[in-house]
Every structure is written in structure tokens, then in C-alpha cells.
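Q: Sequence:
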Amino acid sequence: MNDFSSNLLFLETRSVPVPVGLSALVVTHNRKAQLRQTLDRLLAEQVDVIVVVNNASTDGTTAMLLTITDPRLHVINLPRNMGGAGGFEAGLRAMVAWFDPAWCVLMDDDSRPESGTFARFQDQSEQLLGAGYDAIASGVFYPDGRICEMNRPSRNPFWHVADFIRTALGQGRSGFHLRDADYAATAPVQVDASSFVGLFLSRQGLARAGYPDGELFLYADDVMYTLRLTQRGGRIGFLPELRFEHDCTTYPVDGSGIHRPLWKVYYNYRNALRAYRMVAGPVLFWPVLALTLFKWRRRARHAESDRAAYLTLLNLAVKDALWGHANRDIAQVRALARSLSRDG
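Note that the sequence shown covers residues 1 to 344 in our numbering.
Where hints are given, some of them may not hold.
[To be verified] Using C-beta positions, here's what the derived DEER-type ranges look like: (1) Arg120 with Val283: 41 to 47 Å; (2) Ala162 with Arg297: 29 to 35 Å; (3) Gly324 with Gly170: 28 to 34 Å; (4) Phe294 with Thr69: 53 to 59 Å; (5) Gly233 with Gly170: 44 to 50 Å; (6) Asp182 with Leu284: 22 to 28 Å.
Note that these hints are calculated values from the structure, not bench results.
We put the CB at the ideal spot given by N, CA and C, even for glycine.
Start from the sequences and build out the full structure, keeping to the hints where you can.
A: Here is the structure:
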């Protein structure tokens, strides 16, 4: 048993799960107002079970959840903050043990389905299973209707020649992520990776891919998980008529790409390198690493007075990624960032 799973022993166990059709999993940490909006939306949808993983919130979230009496709501109050990755692992483990759902839809506390999305999904869930889909990614949009870039599904350019050529010729991220035209599709568009916002994961898909890696704490856990599902022969479709709203306009990255608070630099880069190694494979990863490090080090000039702190956290992230160290404690990372920078 690893350090992460040992922290889940407190979860309630049931000798026999109670099977359900569609369940929803929400992970939250100190965003009570956003979570309340998401729960109000979910409770109005056709969903059998809602599980909220409360990542040791200190903003009144726990008390707010106690005011909701709908029997579909089940809350897991984690004793410490395990990050988004840890929350999704804990939630999925509990979901399987308690309910064994045919489908589970995942989301952050600041994302929520548009009205009628779950009904549209349930109308075709059996057809999607029959077509061999293990998971379905939703179309994710900002509240103003624009496509949410961070949740745009993608294909692995190292697995698809055309995507690789477009990316290599300078299209960058747009070379292997879905295009705007794909958001008008009326049938599933096959993809290799997706975010957890609005991801409908089937029982078969979960059995094939296993659980997310909770030790990642933050960033890239969803991309690595869906890539693993694809690597293991799973099929992921993108169905834009399933619409989610992601109210993430305050995403903590400044215009130069520097994460704030600065401690997030460590997790972003460490996990990104682990994802790149997974995507590129053992040989091509090294030239990808060289190009990536050149780009990330150039960003240091935008960190201004935090330049030394940024580079220290970047170097630590690279070291831990290359050596496979995934259990560095969040308190240690935050303490290091505080000791080095003005904002922590």
C-alpha cells in the first residue's frame, strides 16, 4: 500500500455496493460559493448520486454541505488537502466501493453541466457503450460562451502523423488539440486525452485504466489518466452537445505563463514532464525535454524579483520528474516557495 492509499482507510466501506446508473463526482477546496452553484445545477439534473470530495476546506464548505438534505448527495471530508488528483482518486475509489456506477461524470467545483446535459447523455449512453466508447469528453465553455482552452481535448501527436506534422511546423498546441470546427460535430470525435471537467467515465473504462494517480497532487492528472486509458486500448469520444460551463477566468497564471502562487510552478512543471515522457516515449522524450526546458527557462525573466525562486522550483521539478519522485509534500513545497519569493 502506498502513502496515498493508506490515507483512505478512514473511508466508509460496504460489503456490497448499491449499483446506480449515473453518478457525479466533484472535488473541492475552499471555493464554497462556486461549489454551491455547481451543486444547485447538479441537483436539478437527472443524476442518481452526487459525491463531493471536500479537500480539508476551511472556508465554511463543510457547514454549507451539511445544509443540503437531498439524499443523492454524499460527502467525503478528507482530513488533509490531497489536491485535485488526490481528490479524484479518493472519490472514484469511494464511488466504486459504494455504488459501482455504470457511468461517472467528473468535474471541478467551478465547473457545472448546462441544463439538460445529463438527460442528453443518458438518452445515448447505451448506444455509446455499444459503439465501444469507454469515456466521453464534453464540450467545455467559459460562462460567456467561448471555448475553454484548458479543457480542449487532444490527440497525442506522437501517435498521429498529421498532428505531429502540424505541431512540428509551428502550430504548437493547436496542432494536436481539437479545432473549433470539431465543436460543431454531431457524432463523437475520437480523442486520446481530455480534462476531467465533464468527462463521462464508464465502468469498463475505469476497470481498464484504474484510478487516477493521487500523488500528482495538482495538474496533468487528467491528461495522464486519459492517455493511460487510450494506451490500454480504451476509446474516448468528444461529444460537444454535452456542454459544461467552467468559471475559471481567475486561473492563476499571469500573462507571461508564470503560475501564482509561485509554489504551483513546481507541480505544473514536474507533472508536465511526466506527461511528456508518457506522450513521447523513452527516446523522443529527451529532445522534447531539451526544447521544453529552453522555453521554461526563458520565462524566468517574466518572474521579475521572483526569478531565482522560479528557477529553483523549476530545477526541483525537473529533478523529481526525471527521478520519478512523486511524493514531495505540499507543505514542503509551499515552505520552500515562501522562503524564496515574495508571494509564496
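Q: Indicate, hint by hint, whether the structure satisfies it.
A: Cross-check of the supplied hints:
1. Arg120 with Val283: 41 to 47 Å: holds (43 Å)
2. Ala162 with Arg297: 29 to 35 Å: holds (31 Å)
3. Gly324 with Gly170: 28 to 34 Å: Holds - the Cβ-Cβ distance for Gly324 and Gly170, about 32 Å, lies within 28 to 34 Å.
4. Phe294 with Thr69: 53 to 59 Å: holds (55 Å)
5. Gly233 with Gly170: 44 to 50 Å: Violated, at about 33 Å.
6. Asp182 with Leu284: 22 to 28 Å: Check passed, 26 Å falls within 22 to 28 Å.
In the structure shown, a violation is registered for the earlier hint numbered 5 alone.
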